[in-house]
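Enquirer: Listed below are the residues making up each chain.
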Amino acid sequence: MKINILAFGIAKDIFEASAVKVEMTNDATVSNLKYLLEKQYPRLKKLATYMVAVNNEYALDGDTVHERDEIAIIPPVSGG
Amino acid sequence: MKINILAFGIAKDIFEASAVKVEMTNDATVSNLKYLLEKQYPRLKKLATYMVAVNNEYALDGDTVHERDEIAIIPPVSGG
Amino acid sequence: MNTNIQILPITLNAQECIGWVMSPECGGIDIFIGTVRNATKGKAILRLEFEAYEKMAISELEKIAQQAFEKWPAQRILIHHRTGVLQIGEIPVIIAVAAAHRDAAFEACRYIIDTLKQTVPIWKKEIFEDGEVWVAAHP
Amino acid sequence: MNTNIQILPITLNAQECIGWVMSPECGGIDIFIGTVRNATKGKAILRLEFEAYEKMAISELEKIAQQAFEKWPAQRILIHHRTGVLQIGEIPVIIAVAAAHRDAAFEACRYIIDTLKQTVPIWKKEIFEDGEVWVAAHP
Chain A
1 MKINILAFGI AKDIFEASAV KVEMTNDATV SNLKYLLEKQ YPRLKKLATY
51 MVAVNNEYAL DGDTVHERDE IAIIPPVSGG
Chain B
1 MKINILAFGI AKDIFEASAV KVEMTNDATV SNLKYLLEKQ YPRLKKLATY
51 MVAVNNEYAL DGDTVHERDE IAIIPPVSGG
Chain C
1 MNTNIQILPI TLNAQECIGW VMSPECGGID IFIGTVRNAT KGKAILRLEF
51 EAYEKMAISE LEKIAQQAFE KWPAQRILIH HRTGVLQIGE IPVIIAVAAA
101 HRDAAFEACR YIIDTLKQTV PIWKKEIFED GEVWVAAHP
Chain D
1 MNTNIQILPI TLNAQECIGW VMSPECGGID IFIGTVRNAT KGKAILRLEF
51 EAYEKMAISE LEKIAQQAFE KWPAQRILIH HRTGVLQIGE IPVIIAVAAA
101 HRDAAFEACR YIIDTLKQTV PIWKKEIFED GEVWVAAHP
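Protein chains in written order, with our numbering: chain A, 1 to 80; chain B, 1 to 80; chain C, 1 to 139; chain D, 1 to 139.
Hints are computed from structural coordinates only; laboratory data are not their basis.
If the Cβ cut is set under 7 Å, some of the chain C residues that face chain D in the computed set are: (1) Ile18; (2) Asp30; (3) Ile31; (4) Phe32; (5) Ile33.
Among chain B residues calculated to face chain C with C-beta under 8 Å, some are: (6) Phe8; (7) Gly9; (8) Ile10; (9) Ala53; (10) Asn56; (11) Ala72; (12) Ile74; (13) Pro75; (14) Val77; (15) Ser78; (16) Gly80.
To list a few chain A residues with every Cβ distance to chain D over 12 Å, as calculated: (17) Ile3; (18) Glu16; (19) Val22; (20) Asp27; (21) Leu60; (22) Gly62.
Glycine residues also receive a C-beta, built at the ideal position from the N, C-alpha and C atoms.
With the hints as constraints, model all of the structure from the sequences given.
Expert: The following block contains the structure:
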């Protein structure tokens, strides 16, 4: 399945786009997704930390992702 | 000497005036002043507590009062 | 001047207070606004009346502001307090503290309102349907 | 509705925010206003840029407001956050909490800004003379 990934803040700079598509198997987890993204965009690994949101909720590494999920890369936040 | 005493809040109600005059000796203290006032206005004694200000500063019982001092009775405050 | 302390017989203006404390060196402003509640201890209030020993109140408020500056790295402190008759919803007090960082703003603002209520010669009378009372005057 | 949570691309209005939280049941309002400082760690800033993952930011802010209501007896909570380019002195965030008593207002307001800075997907870019940086992105 092809997963669409939204990017914000520095992640947008790293991807050079506000969204990227990643090809994954159906049983893929957040952890698998991070691995693939970090392989393709090594600068992502250099962030202090980053989170993945699935359908507007912070996701855990073990959560599985589905084709229609809204996935987003959440670099360290700095609002306020 | 005749001392002029300003009254605020409930003290004004007790004195039925916003200022009263008290005749005192020259070496009188805040404590003496309170004694005289409480004798003349017994309701003053029923306050939870009250302070005396001399020249816009809270005064101690032992402080002496002088003829030209600005003296005020400060019942429990409730601003804010 | 880094303090703006006033006892006023007219409506307090929050927007002006905020405008006064803002500055390019500040990252955070904490503002406390007291408002007249419609009830106290379950009893309906009609209105409040505030009286101040004005000269001494200003002097005590200046002391509190200076203490706050000594305790926290605040940049500007504003304290405005009303006198006179206030209806439900009106504003007896506005305290605004601007600081480079929010810690100082929050803590100084809290300190100022807490201390004001303990030491500043201002008195509040609550007016009910069936009478009126000077707050805190009796045990 | 006892919450008013918005992500806005236009100037935040403190007076309107205060007006929204005020109510006859409330005796105290605490307001935190963030402002754009002219420097960070001693380095002059030209302007800031805020970006939000809007839908999730609103959802996270709603969670924080609900947590605050569970922890403190607050009556109304407002959180407005800016996006876009902000000049020095402009306001990125306004948080206003109204409560019957000031304890709840102060504590809930402080909790909200502290938690917002930790969990809400909003990002700040600092623009300097000689470059720009997404805040907190690097160790």
